[in-house]
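S.K.: The chain contents come next:
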Amino acid sequence: MSDKGRVGTVLVIVGVFLVLASMFVFFFVKGENFTYTVISFSIFGGGFGLLGDGLGRLNMARIAKKDPEKMKEFNIERNDERNISIDEKARAKAFSLMIYLFSIVLVVLAIMRIDIKALFIVLAAYMIVLMYCLIIKLKLYREM
Amino acid sequence: MKNIIEELRKQKGIRQEELAMALEVSRQTIGSLENGRYNPSIQLAFKISKYFGLKIEDIFIYEEE
Chain A
21 MSDKGRVGTV LVIVGVFLVL ASMFVFFFVK GENFTYTVIS FSIFGGGFGL LGDGLGRLNM
81 ARIAKKDPEK MKEFNIERND ERNISIDEKA RAKAFSLMIY LFSIVLVVLA IMRIDIKALF
141 IVLAAYMIVL MYCLIIKLKL YREM
Chain B
3 MKNIIEELRK QKGIRQEELA MALEVSRQTI GSLENGRYNP SIQLAFKISK YFGLKIEDIF
63 IYEEE
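If you're matching them up, the sequences are chains A and B in order. Just so we're aligned: the first sequence equals residues 21 to 164 in our numbering. Just so we're aligned: the second sequence equals residues 3 to 67 in our numbering.
Any given hint could be a false lead.
[To be verified] Simulated pairs of lysine to aspartate or glutamate, DMTMM-like, Cα-Cα distance not exceeding 20 Å:
| hint | chain 1 | residue 1 | chain 2 | residue 2 |
| --- | --- | --- | --- | --- |
| 1 | B | Lys49 | A | Glu101 |
| 2 | A | Lys92 | B | Glu26 |
| 3 | B | Lys49 | A | Glu93 |
| 4 | A | Lys90 | B | Glu19 |
| 5 | A | Lys90 | B | Glu36 |
| 6 | B | Lys52 | A | Glu89 |
| 7 | A | Lys92 | B | Glu19 |
| 8 | A | Lys90 | B | Glu66 |
| 9 | B | Lys49 | A | Glu97 |
| 10 | B | Lys4 | A | Glu101 |
| 11 | A | Lys24 | A | Glu101 |
| 12 | B | Lys49 | B | Glu36 |
Simulated from the structure, these hints should not be mistaken for lab results. In this text the structure is predicted, and so the values were computed from the model without any measurement.
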């Protein structure tokens, strides 16, 4: 089995385990405990994510083994510089939009007088995104 | 940027798919290059010039804006 196949198998196993574990917590751990509910839903979501990723990797490993020509075409399509450029431009535009949307959402939430802690969480997420952008910019200025 | 890729490809008698395979890019990229809608990276420009056995400046026509 290829590396991709091995990683896929591990992800599928971990994913199934997490989904089952979250269902167990959700159905069998009694009580209206909010933390249990949040944890079980989070693990359920994460587990399904890993399961999906694992199945995708297994499928790619199967195609690579069965039809190398198709796999080559797939890799060309994925690494095609025009596709990458389009993807990057679309992300950059979406990021610019997100910055404006985040600001508007912050103002709207403040007007709605939501809990100050919730507002700070959103503000912190906004600041993290901006800081990350700045760090990447500085890194690229040095490297390029 | 204008170029003569389509002309060179037709002279060689190959399809866009074949050129795309040789240059390891998608067929759509070849189409966009030929139409002048997409400017290639310097690596791809070198690959193209090497493939056709010509200089980059013989294939791509630089026009000042």
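S.K.: Evaluate each hint against the coordinates.
M.R.: Checked hints:
1. B/Lys49 to A/Glu101: This hinted pair holds, its Cα atoms lying about 13 Å apart.
2. A/Lys92 to B/Glu26: Holds - the C-alpha atoms of B/Glu26 and A/Lys92 are around 9 Å apart, at most 20 Å.
3. B/Lys49 to A/Glu93: This hinted pair holds, its Cα atoms lying about 18 Å apart.
4. A/Lys90 to B/Glu19: holds (14 Å)
5. A/Lys90 to B/Glu36: Not satisfied, since the Cα-Cα distance of roughly 25 Å exceeds 20 Å.
6. B/Lys52 to A/Glu89: Given that 20 Å is the threshold and the Cα spacing comes to 24 Å, the pair is violated.
7. A/Lys92 to B/Glu19: holds (13 Å)
8. A/Lys90 to B/Glu66: violated (41 Å)
9. B/Lys49 to A/Glu97: Measuring from Cα to Cα gives roughly 17 Å; hence the hint holds.
10. B/Lys4 to A/Glu101: Holds, at roughly 19 Å.
11. A/Lys24 to A/Glu101: At roughly 23 Å apart (the allowed maximum being 20 Å), A/Glu101 and A/Lys24 break the hint.
12. B/Lys49 to B/Glu36: Satisfied, since the Cα-Cα distance of roughly 15 Å is no more than 20 Å.
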